[in-house]
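Please build the complex by placing chain B on the supplied structure of chain A, with the hints as guidance.
Below are the chains, spelled out letter by letter.
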Amino acid sequence: MTSLQFPVSILMSLPLNTFTQLDNFGHSLKAPSYVIRVKQPDDIYEAFQLAKGLGLTVAARGTGISYNDVSLNGGGILLDMTGMDQILEWDPVTGFVRCEAGVTLRQLWQKVEPDGWWPPVVSGTMKTTLGGCLSANIHGKNNFQVGTIGEQVLEFTAMLPTGALVTCSPDKNGDLFHAMISGLGMLGVFTSITLKMKRIHSGLISVDAWPVPNLNRHLGALLEHAPHYDYIVGWLDTLAHGENLGRGQIHAANNLKEGEDPNAHETMKLSYQHLPDRLFGVMPKSLLHYFMNPFMNDLGTWGINTAKYIASLRKHTFRESHAEFHFLLDYVPDWERSFGRGGLIQYQSFLPKETAEAAWREMIELSHRRRLPSYLGVTKRHRPDQFLLTHAVDGFSLAMDFKVTDSRRAKLSSLLQEFDKIVLDAGGRFYFAKNSETSAESTRRFLGDEAIKKFKKLKKRCDPNGLLESDLYRRIFK
Amino acid sequence: MLKWMYPFMEENVSDSPKPAPATPLNPRRRGIILGASDGLGAELARQLAREGYTLALLARRREKLEAVCTAINSTLAEARAFAYVHDISEYDEVPDLLRKIVADLGGLDLVVFVAGVNSPPGGIDKYNFENDRKMVEVNLIGAMAWLTPIAEMFQSAKAGQIVGISSVAGDRGRVGNPGYNTSKAGLTTYLEALRNRLTRHGVNVLTVKPGFLKTEMLKAAQGATPFAIEPEKAAEDILRAMKKRKQQIYTASIWRWIMLAIQHTPSFIFRRLTF
Chain A
1 MTSLQFPVSI LMSLPLNTFT QLDNFGHSLK APSYVIRVKQ PDDIYEAFQL AKGLGLTVAA
61 RGTGISYNDV SLNGGGILLD MTGMDQILEW DPVTGFVRCE AGVTLRQLWQ KVEPDGWWPP
121 VVSGTMKTTL GGCLSANIHG KNNFQVGTIG EQVLEFTAML PTGALVTCSP DKNGDLFHAM
181 ISGLGMLGVF TSITLKMKRI HSGLISVDAW PVPNLNRHLG ALLEHAPHYD YIVGWLDTLA
241 HGENLGRGQI HAANNLKEGE DPNAHETMKL SYQHLPDRLF GVMPKSLLHY FMNPFMNDLG
301 TWGINTAKYI ASLRKHTFRE SHAEFHFLLD YVPDWERSFG RGGLIQYQSF LPKETAEAAW
361 REMIELSHRR RLPSYLGVTK RHRPDQFLLT HAVDGFSLAM DFKVTDSRRA KLSSLLQEFD
421 KIVLDAGGRF YFAKNSETSA ESTRRFLGDE AIKKFKKLKK RCDPNGLLES DLYRRIFK
Chain B
1001 MLKWMYPFME ENVSDSPKPA PATPLNPRRR GIILGASDGL GAELARQLAR EGYTLALLAR
1061 RREKLEAVCT AINSTLAEAR AFAYVHDISE YDEVPDLLRK IVADLGGLDL VVFVAGVNSP
1121 PGGIDKYNFE NDRKMVEVNL IGAMAWLTPI AEMFQSAKAG QIVGISSVAG DRGRVGNPGY
1181 NTSKAGLTTY LEALRNRLTR HGVNVLTVKP GFLKTEMLKA AQGATPFAIE PEKAAEDILR
1241 AMKKRKQQIY TASIWRWIML AIQHTPSFIF RRLTF
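Chains as they are written, first to last, in the numbering used here: chain A, 1 to 478; chain B, 1001 to 1275.
Extracted from the complex, chain A is given alone in its bound form (with noise of 0.2 Å):
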């Protein structure tokens, strides 16, 4: 027999008990990894140095709440990037902050916010770290004003593999800025980040509300409306079908001028942006998931869109707080645990404005179809950007939340496989932070070869051993 060949010391440090069972947001995918939790760039370095002594890959991971398999790598090495949480660098006057990329959203705005500032691109959660949404290139309620976030990026570090410590900005390392910013964590860890942040002169913001009666006139409210506010979003109801196909409503925000909000100096305080932890002041919102359990079926979501709709026709407008406006998605805390045991999935499509209605209206049309209804459909106005593994197009997205259980699974699956094709025939584009099913040739056809040989040509520079690794990457690039 022969004996233990491994260096006590690499032997010491993946101690099995680091073997941790991950999922994703929606709780629809589980996968076990070893979770290395790093505090500092050299840590990076050796778990990298670890990961190729013992034959594993590693993909980095914020707070893992990715609706699909970015931040997962079964059977693999992942670094926990939470214990990175430093803001090193905020200077008020000038609005520039350098950050850790295990910051999250939330400490950035509770730093900043309270000095007439508020994060220039953020997602609808507070809880992503700033890692994350650059690996994933995020984009706001405001995308087709400012872009997405790696358009807000004056610099960043990075740690790759081979254990350089790199230095990028839009004119220093181009091309590996704008590959690593959208580039899904697989050419390099970022350590820190920074970025400038936007001038705001009061707590609130203004919001205006109005219904819109179908397809064609919630696309034509959002590209008509968007040049004058500075967020649009719609919330599509994906069970109305026939003439009110698409309907919905729409919220578009202006952030106030100087000397529009009187109380500016309250409302600018931390404690007005407090989301409330009670609804009607009583019923703690942690146990609101529970309760909405029961409604999430075909039925209960027809019920409650409809009700949402007839709500919402009454136009009007109204003043709430920055943090009420952006973290809808934080409102109710583990909303997504009401989807049942299954959890959810999310699909979103990016298609250009000319081909976008019809594409989704055969889309929603075939969802009804099969039986197989989203329960919540969100729409915003985009705009192309720069970077490599772009998602974006001159036109509109539209995400759908699928429940899923053992027995929709196979039908939701061919499903989502007729909406790919659907989506890539009209021009449109997918998002890796969102689309959990999407094959290595959807990715293929949407990126384009050239993209992709010029990201694997990076990869090879930055990773040569091939270290980086993802569930994500393993499904769409291999």
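Coverage of chain A stretches by chain B, computed from C-beta distances (three or more under 8 Å per stretch; other residues unrestricted):
| hint | segment |
| --- | --- |
| 1 | 14-21 |
| 2 | 29-42 |
| 3 | 55-63 |
| 4 | 406-416 |
Cβ-Cβ distance ranges computed for the label pairs, FRET-style:
| hint | chain 1 | residue 1 | chain 2 | residue 2 | range |
| --- | --- | --- | --- | --- | --- |
| 5 | B | Lys1158 | A | Arg444 | 34 to 44 Å |
| 6 | A | Lys456 | B | Leu1076 | 25 to 35 Å |
| 7 | A | Asp171 | B | Leu1076 | 51 to 61 Å |
| 8 | B | Gly1202 | A | Gly303 | 29 to 39 Å |
| 9 | A | Gly466 | B | Lys1158 | 25 to 35 Å |
| 10 | A | Gly466 | B | Thr1075 | 32 to 42 Å |
| 11 | B | Leu1239 | A | Asn216 | 51 to 61 Å |
| 12 | A | Thr405 | B | Asn1073 | 26 to 36 Å |
| 13 | B | Glu1078 | A | Thr405 | 20 to 30 Å |
| 14 | A | Arg444 | B | Ser1074 | 27 to 37 Å |
| 15 | A | Ala358 | B | Arg1062 | 53 to 63 Å |
| 16 | A | Arg444 | B | Leu1218 | 46 to 56 Å |
| 17 | A | Gly466 | B | Leu1076 | 20 to 30 Å |
For the record, the hints were derived by calculation from the structure and aren't laboratory data.
For every residue, glycine included, the Cβ atom is placed at its ideal position computed from N, Cα and C.
Quick look at chain B alone, frame taken from chain A:
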């Protein structure tokens, strides 16, 4: 460069293609079967693959193992059985191989330890230390070599299922095959201890005690082989027990009552028996 550190990987593993990653609509249950080249192990592999499991099959003999994999995969739409050649008594290979398998499968939900040898001393008045040693090395220490790291991983992940194929032979020390009785008694006790450790962490440990199975091993048995069943039947019993997350089963189930009687036979009678 680092090849010296893991000599095992390069040489002994057939470079089988890996399963496609799981997705929410295509979830994957992953299992390891130790001792899968024939008999009960191969039958369990067939049935588990049909149930949707993606499996790493381990055994010593490459040809037989690959034949089992090919036979399973040819009946399915996708390859779900992957061969890893391994000698259970090569304990030092375990950490590397386990890590590689878990990485290849993309996770681990189930481990079935079927591997076992039965080499009787050749008569009730014969003794053979070499045979006894081999049986303890494979049946007991082999199980401990694999299930120790797996138990630690499952405990940490707070999920998983371990199935150990012990034997009715472990319920009593008999005249015919002291080494085999000992190895299986040890395995039963070891599995019970794991169960007591792991249940509180959400991990299920199932001890299976087959009677006689119509497999290669049956030829080693001396004398009568009552209630012998096909491995298909035993595998069905085991899958049913796994789904119910049972703790212990006899297969065929009649052995439960037979062994109850045998276990309660007083020693002054039992030591005079010749089976």
